Amino acid sequence: MRNMYTILPTVAAGITALAVLTAGPAYAKVEGDSIILGSAISFTGKYSTNGIHAKNGYDLGVKIINERGGVKVDGKTYKLKVKYYDDESTPARTAQLLERLIKQDGVKFFLGPYSSATTKAAAPIVEKYKVPMVEAEGASRSLFTKGYRYLFAVLSTSEQYLASAIALAAELAPKIGKKPSDIKVAMSFENDPFSLDVRAGVIEDTKRFGMKIVVDDKMPRDLSDISPTLRKVQAVKPDILVISGHSKGAATAARQIKELKIDVPMIAMTHCEAAKIVQKFGKSVDDYLCPTQWSETLSYKDDYFGTAADYDKLFKATFKGYKNVPYQSAQATAAVQVWKDAFERANSFDPMKVRDALSATDMKTFYGGIKFAKAGNNIAKPMVLRQIQGGQYVVVAPSKWASHPVNFPRKAKD
Amino acid sequence: MSAARQGFDSFEKNNRKQLPFYIGLLAFGILGPLLFPNYTLQIAILWIMVLFAQTWDTLGGQMGYNSLGNIFFFGAGMYISAIVQVGTVYDVGLYTSASGAGKASFTPDQYYTGISLGILAAGVGSALLAPILGFIMFGLRAAYFAIGTLGVALAAGEIIGAWQWVGGGSGIAMPVYPGSADGRSEFFYWISFAAAVATFLVLRWLYTTRFGLAINAIRDDEDKAEATGIPTLRHKIVAWSVAAFFLGISGAIFGNMTGFIEPLEVAFPTVTFGIFMVAMPLLGGKGTLWGPVLGAIVFHVVKEVTWTYLLGWQWVALGLIIIITVVFFQQGIMGWMKEKWPEKFGVVIDPVTAAESREEATR
Amino acid sequence: MFGNIQLLIAAPALNVQLLLDGILIGAIFALAAYGLALVWGVMNVKNLAQGDYVILGGYIAWWGQKTFGIHPIVMLPIACVLLFIMGWLLYLLIIRWVINRDMFTSLLATFGIAFMLAQLLNVAFGPEIQTAQSGMTTRTLFATVSVAEIKVVSFVLCCVLAALIVAFMKKSRMGQAIRATAQDARAARIMGIDTERVYAFTYALNAAICAAAGVLISMIWVIQPFYGITHAIRSFVIVTAAGLGNLPGVIVAAFGLGVAEQYGGFVLGAELQQVSVVGLLLIVLIWRQIKLARLRQVVQ
Chain H
33 MRNMYTILPT
43 VAAGITALAV
53 LTAGPAYAKV
63 EGDSIILGSA
73 ISFTGKYSTN
83 GIHAKNGYDL
93 GVKIINERGG
103 VKVDGKTYKL
113 KVKYYDDEST
123 PARTAQLLER
133 LIKQDGVKFF
143 LGPYSSATTK
153 AAAPIVEKYK
163 VPMVEAEGAS
173 RSLFTKGYRY
183 LFAVLSTSEQ
193 YLASAIALAA
203 ELAPKIGKKP
213 SDIKVAMSFE
223 NDPFSLDVRA
233 GVIEDTKRFG
243 MKIVVDDKMP
253 RDLSDISPTL
263 RKVQAVKPDI
273 LVISGHSKGA
283 ATAARQIKEL
293 KIDVPMIAMT
303 HCEAAKIVQK
313 FGKSVDDYLC
323 PTQWSETLSY
333 KDDYFGTAAD
343 YDKLFKATFK
353 GYKNVPYQSA
363 QATAAVQVWK
373 DAFERANSFD
383 PMKVRDALSA
393 TDMKTFYGGI
403 KFAKAGNNIA
413 KPMVLRQIQG
423 GQYVVVAPSK
433 WASHPVNFPR
443 KAKD
Chain Y
52 MSAARQGFDS
62 FEKNNRKQLP
72 FYIGLLAFGI
82 LGPLLFPNYT
92 LQIAILWIMV
102 LFAQTWDTLG
112 GQMGYNSLGN
122 IFFFGAGMYI
132 SAIVQVGTVY
142 DVGLYTSASG
152 AGKASFTPDQ
162 YYTGISLGIL
172 AAGVGSALLA
182 PILGFIMFGL
192 RAAYFAIGTL
202 GVALAAGEII
212 GAWQWVGGGS
222 GIAMPVYPGS
232 ADGRSEFFYW
242 ISFAAAVATF
252 LVLRWLYTTR
262 FGLAINAIRD
272 DEDKAEATGI
282 PTLRHKIVAW
292 SVAAFFLGIS
302 GAIFGNMTGF
312 IEPLEVAFPT
322 VTFGIFMVAM
332 PLLGGKGTLW
342 GPVLGAIVFH
352 VVKEVTWTYL
362 LGWQWVALGL
372 IIIITVVFFQ
382 QGIMGWMKEK
392 WPEKFGVVID
402 PVTAAESREE
412 ATR
Chain W
10 MFGNIQLLIA
20 APALNVQLLL
30 DGILIGAIFA
40 LAAYGLALVW
50 GVMNVKNLAQ
60 GDYVILGGYI
70 AWWGQKTFGI
80 HPIVMLPIAC
90 VLLFIMGWLL
100 YLLIIRWVIN
110 RDMFTSLLAT
120 FGIAFMLAQL
130 LNVAFGPEIQ
140 TAQSGMTTRT
150 LFATVSVAEI
160 KVVSFVLCCV
170 LAALIVAFMK
180 KSRMGQAIRA
190 TAQDARAARI
200 MGIDTERVYA
210 FTYALNAAIC
220 AAAGVLISMI
230 WVIQPFYGIT
240 HAIRSFVIVT
250 AAGLGNLPGV
260 IVAAFGLGVA
270 EQYGGFVLGA
280 ELQQVSVVGL
290 LLIVLIWRQI
300 KLARLRQVVQ
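Chains as they are written, first to last, in the working numbering: chain H, 33 to 446; chain Y, 52 to 414; chain W, 10 to 309.
Treat the hints with caution; some may be incorrect.
In silico SDA-like pairs for lysine to any residue, Cα to Cα no more than 20 Å straight-line [to be verified]:
no.: 1; chain 1: H; residue 1: K178; chain 2: Y; residue 2: K275
no.: 2; chain 1: H; residue 1: K443; chain 2: W; residue 2: T149
no.: 3; chain 1: Y; residue 1: K275; chain 2: W; residue 2: Q298
no.: 4; chain 1: H; residue 1: K162; chain 2: Y; residue 2: G230
no.: 5; chain 1: W; residue 1: K300; chain 2: Y; residue 2: F186
no.: 6; chain 1: H; residue 1: K162; chain 2: Y; residue 2: F238
Calculated from the structure, these hints are not laboratory results.
Remember, it's a predicted structure, so these values are computed and weren't measured experimentally.
Only chain H is shown next, with the shape it has when bound in the complex (with noise of 0.2 Å):
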C-alpha cells in the first residue's frame, strides 16, 4: 500500500508542478521599460495566412515605434512588447486564451485576433474584464451594435467591402445595354462570420438597385474546390460575380476561375492582395475588382511611416515574398500607433485612462484618419476598390481617389 500513498502525491505534485509552468514568465501589463501588449492570433488553422499578414503588421509597428523613440508616458521613455498565443483559427481558443493573457500574464492592453469570428470571441471577454482592445482585423457590424465599451477598430466595417463594387456594376450597366435593375449577381461565400457579414451588405445593395441575385452559394469547409458554384456561374450567366472566402477562398476561386474559363463581366473579390493572386495567377486575374482598407497609391501620410508608399516599400523591404502589402499588415500595424499615441495622451497605464484616451483618437496616420464612433468602429477612413490591371492594382473608385478608369467588361484571360 505505501507505493500507492507515494505515488499519488507524487502524480499531484507533479500536475501542479505543470500547472504553474503553463503560466509561462509572469509578464505583466508594465515590465520595467516594456509595455506589454496581448494578442490571441491565428498561426494555424484556416485564417493562418492572414494571421502571419497580421503579426507582420504588428511586429513591424513594434519595432519601427521602439527605434524612433518608444513611447513616453509620465516622463519616462517605455518600449512596446508583443506577447502572442496561437489561437488555431478558433473562436473557442480565443476566448480561452484571452483569459489566459489577462489573469495569468497580467496584459491589460490588447492587440485583436485575425478574423470576425475569433473578434466575436475576444469582445465580451475584454469588455468583462474592462481591459481595452484595438482591433484591425474584425470587421463583422455586428461587433459594432453591441454597446461593447473596450473594442475599438481602426478598419471599415463589413458592409462596405463591396458596396462601391456594386454601386458601379449598376453605373456600368448600360455599357452593356442593360438597366441596373437588369444585372443578374452570382455570389459564392465562405461560410464564416466575416464573409457572411459582407454577403448580407451586398444583398441589402442589390435590393437597393433591384438587381437580380441568381447564384447564392456557400464555399466548402475545406475551401478547397468551388467548381459546382462556378458551373453554375457558367449556366446561368450572370453580369457580376461577387466572391469573399479570406485569403484561402480568394485563392481557390482565382484558380479555378481561370482553369474552368469564366467569363462574367465583372468580378468583385475580397481579400486579392493577401491571397497573392496576381503572383501566384499572372494574368489571369486581370480586370478583378478588390475592395482594399488601404492603398499604398493614396495620399495619407503621418511622422513614423512617412507616406503610405513609404510603408509599403518598408515594410516589402522587412519581409520576403511581398509583391503587394496587404492591407491586413497595414491596419495592424497603424492599430499599434493607435496604441502609443493612447498611451501618450492617457499619460498613465490605468486602463480606465487609456481607455478614454483610446476612445477620444483622432489621428492621421498612413493608413488614413483614425477616429472612433461611440460603438467604436473607425469613421475617418472610406475604403477604396481597386482594380487589377496589367498585374498593378489600381485604384478606381471612389472617383475622389480614383487613379485610372474601370475595365469594363472583362473577358476571360488565360
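Starting from the known structure of chain H, fit chains Y and W onto it as the hints suggest.
The following block gives chains Y and W in isolation, referenced to the frame of chain H:
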C-alpha cells in the same frame, strides 16, 4: 476474462484502494481555484476534458464501440442550449440574423433561468438524439462504426452551418454572464466540476450494475452476448444516451464559457476535440474507471504547456507525445501502473495468468 | 435547391460537365484511397496521415517548380521516391510498433504523424495556399463542356499508375509476397517471406502513391499545410464504402465520391459538399448491413 481485466476489476471494486485517488482529485478540484485563482477557467476546461474522456470510454472502453463522432452530442448540446437561452427571451431568427439585430441584453434573472433550462435541455435533447442515431449507426461494427460516426459529426457541422434560423456560419453570440469577471470564472468552474463529478459517479455506479456487465459482454463478444439473451441494441442505445446526456451538458457549458459559438470550429471541432476525446482515454488506459480521468489530466496539462512554451512547434510536440504514448504505453497509464505494481491492483502473480496477460498485451 | 435541379434538366450538357469533373477528380481520390486500402488490408494500419502524405507530395512538386523551375509532372517520380524513403523510415520508427494492435492504436499514431507533418510544412513553407502551375489550357468541347487539359493528363497518369501497381502486385516477387502476407501473415512467414520487409515496403509504397496523388492535386486544386485531414477523410470514406480488399470497389467508390461532391455541391450548395458524401456513405453502409442481416437469417 483476461488477467488484465481481473486486475482492474478488483482494483475498481475496492474503494479503500481507490481512496487516495478520490481524496487527491477532490482536493485538487476544490482547492484548485482557491490556490490558483488565475487558472480557474483553465482548470474548468480540464474538467470538461475529463468528462469527454469518461463519456467516450463508456462506448469505446466498456462496450467496444469506438466512436469518432461523439463530438456530435457536444455540438448538439451547445446549439440546443443556445436556442433555449436565446429563445426564452427573443426570437431566435431575429437575434441571429447576419445583419446584426442591434443590442440584445439579458437581465440576470433571464440569464440564470436561461442557462439552467439550457443546460438541462442540452442534456435531455442530446440523450434523445442518441437513440435516433443509434438505430442507424449500431448496425455498423468496428472501423465502420468509427468512420460512420465521424461522418455524422462532420455532416452535422455543415448542416447547422447551412441553417439560417440559428445564424448558419455566422454563429450565435451567447448571452453574457451578468456578474463580475471573477464571478464568471468561478460560476463556470463549479458547473464544469460538478458535471465532471456527476459523470464520474453515474458511470461508476453504472459499471457496477448488471447493465455494466452486459455492455462488457457486448465488448467481449457481441454475438455470444446476444445469444445469451442480452437485448444488445437496447443496451447499446441506453449506453450511448447516457454518454450523450453528459456530453450535451458539457457542450452547453463550453458554449456559454466561450461566449460565441459557430458550427464548424466551436460546436463540431471534429479533428481537434473530437480526436482528443479518443486520445485521452487511450492515454490513460481504456476500459478502466480511472484511466480516462488520468489520461485527460495528463493530456490537457501537456497540451497547455506545449502551447505556451513551444509556440510554432506545438502540433509537432503534441504529435510526438501521442506517438510516444501509443507506441510505448500501449495499455495507457493505468496499464503501465498495473504492470509496475501488480499487487496494488489485486493481481496475484501466477505464472499462468502472467503469461496470458502478456499474450493479450501483444495480440 | 429546386432551381438548381431545374437548371440541370434545362441544360443537359451541365450533367455531362459535372459527371466529367467528378470522374476526373475521382481518379486522383482513387489513387490515395487505393494506398489506404493497401496498408489497411495488408498490415491492418488505419493511416490517418494519408492526407498529409498527399499534401507533402504536392509541396514537393510546388517547391521543385518554384526553386528549379522543373515542371510538376517531372517532379512526380521524384516526389514518389522521396515519399517512399520517408514512408520506409516512418515504418521503422513508428508504424512497426503498432501493426496489428487494437484499431485505435494505429489510428492515433498516424494521427500524431499527421499533426507533426502539417506543422512542419507550416514551419517550412508558411501557411499560404500554394498551387503548382501545369502551364496547360482549358479546352471547350462541343461549345458547352469545358475540360482543363491538366485534368485529362492527370486522369491518364492515374490510370497508368494504377495499371503499374496492379501489374506489380500480380507479377513481381514483392507483389506476390505482399498479397501472401495480406492473406495470412503467419503462413507467409512460415513460407520464408520476410514479413517485416513486406510491411515496410507496403507502407512505403502507400506513401509513394499518395505523393503521386499530391503532385496531381497541386496542379488541379490548391495545397496548404492543414488541408491533409480532408484528403485523409476522403480516402477513409472511399475505402469504407468499397469494403476491404475490394479494388474495383475502391475505384467505383472514388468516382462515386468525386461525382457526389460535384452534384452535391451543385444541387445542395457547396457548403453541403461533405453532407452529400457522408449521406452516400451511410446509405452504402446501411444497405450492406441489411444485406448482411438477411444473410445471417438465411444461415440460421
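Consistency of the hints with the structure:
1. H:K178 with Y:K275: violated, 60 Å
2. H:K443 with W:T149: With a Cα-Cα distance of about 16 Å, the restraint between K443 of chain H and T149 of chain W holds, given a limit of 20 Å.
3. Y:K275 with W:Q298: Given pair K275 of chain Y, Q298 of chain W holds - Cα atoms ~19 Å apart, limit 20 Å.
4. H:K162 with Y:G230: holds, 13 Å
5. W:K300 with Y:F186: Roughly 16 Å separates the two Cα atoms, so the pair holds.
6. H:K162 with Y:F238: Status holds; Cα separation ~19 Å.
Checked against the numbered hints given earlier, this structure breaks only hint 1.
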